[in-house]
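Trainee: Protein chains in written order, with this note's numbering: chain Y, 109 to 241; chain A, 13 to 172.
The set of hints was computed from the structure by calculation and includes no laboratory data.
All of these numbers come straight from a predicted model, not from anything done at the bench.
Hints may be right or wrong, so weigh each one.
Claimed, not checked - Pair ranges (Cβ atoms, derived):
| no. | chain 1 | residue 1 | chain 2 | residue 2 | range |
| --- | --- | --- | --- | --- | --- |
| 1 | A | Thr163 | Y | Asp212 | 18 to 26 Å |
| 2 | A | Glu155 | Y | Gln237 | 43 to 51 Å |
| 3 | Y | Asp180 | A | Gln28 | 34 to 42 Å |
All C-beta atoms, glycine included, are put in the ideal place defined by N, C-alpha and C.
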Amino acid sequence: MAMSRDEIYTKVQAVLVDALGVDEEEVTPNAVIRDDLGAESIDFLDIMFRLEKAFNIKIPKGEMMPENVANDPNIVKDGVVTPQGIAMLKEKMPHSDFSSFEADPKLDNMSKLFTVNAIVNYVQQKLEQPQAA
Amino acid sequence: MRWIWIDKFTEFTSKQSATAVKNVSLAEEHLHDLYPAFPIVPNSLIVEGMAQTAGILVGEARNFQEKVVLAKISKATFHRLVRPAETIQFAAKIEQLNEQGASITGTVTVNGEPVADIELMFSHVDQNLAGLEFPEHNFVFTEQFTELLKTARPSKPVML
């Protein structure tokens, strides 16, 4: 039977508590993984490993969060994500909510796209995909 | 010179697990630094022993092509002190490994008694640099480390 969103949320919450050493109450749906929960770069790999184990899924590099976008001049210009960049990010991150980011698309604000909800959405989408044999 | 903190591998299963031992001697100066007249192995060095055991395991899994760096101590729980004349056993198991890095779980024991439970994350630094560059040569796995791996093979006493 498919896992409900609440079940996914509870498991994601446990993953973040273990990976980041935060309290369960801190892991709210809109909490930003880096800014609110204090994740550093290696923590993202830790979170990825723990999600793979918890949900028995494979997360290819860059799928949950695109990498090295800051170095591409088509995507970021003068510290601001270009319209082309936003379109690319939206396509690659259908699990993220872009409404606030589009209003102020500074590169520094990009981390705000990666929230607890974004992870739950990602996992939900992943679990709905047909599994490779 | 690198400070090698394990004496010998006693088990090594590529890409899976490794066990190494360290004999603790009263002659080691750092044992005396924490408490006067009560020599113990600092817990930080117990973590280092596990990091070396697991780091070589992770490095060997990719033929020492990656620069494997200890990136995170996810957990370190200690149950008992380690004293001079004891033999520490470090048992490491790879939980996950991909192109970016690895996570391992480790148990540390003395005479079968639990000393510590440790979880570590290793990063393959060249894969996680976001445009930065490290030196070309592999500064992590020096000959000292790769020679240590050979101790996992059964050997006879060296006769004179």
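Trainee: Does the Cβ pair Glu155 of chain A, Gln237 of chain Y satisfy 43 to 51 Å?
Mentor: The hinted range 43 to 51 Å holds for Glu155 of chain A and Gln237 of chain Y, with Cβ atoms some 46 Å apart.
Trainee: Does the hinted range 18 to 26 Å hold for Thr163 of chain A and Asp212 of chain Y at CB?
Mentor: violated, 57 Å
Trainee: If you check the beta carbons of Asp180 of chain Y and Gln28 of chain A, does the distance land in 34 to 42 Å?
Mentor: Hint holds: Cβ distance 38 Å, inside 34 to 42 Å.
In terms of the numbered hints stated before, the structure departs from hint 1 and from no other.
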